[in-house]
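In order, the protein sequence lines correspond to chains A and B.
So the first sequence is numbered by our numbering: it starts at 24 and just counts up by one.
So the second sequence is numbered by our numbering: it starts at 2 and just counts up by one.
PhoX-like mimics (lysine-lysine), calculated; alpha carbons at most 25 angstroms apart, straight line: (1) B:43 - A:32; (2) A:80 - A:94; (3) B:68 - B:57; (4) B:57 - B:106; (5) B:43 - B:106; (6) B:106 - A:80; (7) A:94 - A:32; (8) B:106 - B:68; (9) B:106 - A:32.
Hints in this document: simulated from the structure, not taken from any laboratory.
For clarity, every value in this text was computed on a predicted model and none was experimentally measured.
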Amino acid sequence: NAGVTQTPKFQVLKTGQSMTLQCAQDMNHNSMYWYRQDPGMGLRLIYYSASEGTTDKGEVPNGYNVSRLNKREFSLRLESAAPSQTSVYFCASSEAPFGGTDTQYFGPGTRLTVL
Amino acid sequence: QKEVEQNSGPLSVPEGAIASLNCTYSDRGSQSFFWYRQYSGKSPELIMSIYSNGDKEDGRFTAQLNKASQYVSLLIRDSQPSDSATYLCAVNRGNQAGTALIFGKGTTLSVSS
Numbered sequence: 024n025a026g027v028t029q030t031p032k033f034q035v036l037k038t039g040q041s042m043t044l045q046c047a048q049d050m051n052h053n054s055m056y057w058y059r060q061d062p063g064m065g066l067r068l069i070y071y072s073a074s075e076g077t078t079d080k081g082e083v084p085n086g087y088n089v090s091r092l093n094k095r096e097f098s099l100r101l102e103s104a105a106p107s108q109t110s111v112y113f114c115a116s117s118e119a120p121f122g123g124t125d126t127q128y129f130g131p132g133t134r135l136t137v138l
Numbered sequence: 002q003k004e005v006e007q008n009s010g011p012l013s014v015p016e017g018a019i020a021s022l023n024c025t026y027s028d029r030g031s032q033s034f035f036w037y038r039q040y041s042g043k044s045p046e047l048i049m050s051i052y053s054n055g056d057k058e059d060g061r062f063t064a065q066l067n068k069a070s071q072y073v074s075l076l077i078r079d080s081q082p083s084d085s086a087t088y089l090c091a092v093n094r095g096n097q098a099g100t101a102l103i104f105g106k107g108t109t110l111s112v113s114s
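Next comes chain A alone, as it looks inside the complex (with noise of 0.2 angstroms):
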């Protein structure tokens, strides 16, 4: 039982490139999450699905697309990449909204540098 996973865990990028980060859990869990992390910011919510098939805007969804391929994997998509978004982005999933804990456990991180 691996928990939440997430691919690549370092990046870096020159400004314009697009790259998709990877996140996928082995929990069963119905809701997934994209958090990005910045020094004195806090963790900010980007996306996330409450179920497969669903996704929603959080607080900084600008620059940023998101898929839920399938219940266990939901991926980041940064189209255009600037130097803005040089963070550390994290992945979680929760058993909530349909019955369970809204706890939220979280993935090892992405380090992503644009240049």
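We have chain A; now place chain B onto it with these hints.
Showing chain B alone in chain A's frame:
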């Protein structure tokens, strides 16, 4: 008013002392409250969850919730150097069908030996 507020610290305590971390929140409809610990360079890990007014104890950790005053706190007894980390308070959005959590910016705790 920010939705979840914490003192950024650093909060410094000697080994063996009690560390007290506080958090206030603005959404009166919130029902779920969490404390996460985050070591430098690592991901947040859950320490405690609390849903009802009062105290909840788990080993050296005690979470306290007061919905009327809209605050939640975490007490760490017999603090150890290994407790040195950033502690994040998180609260759910009471009026959303989803379960998005709002996180405070965290309090940095330093325990000196």
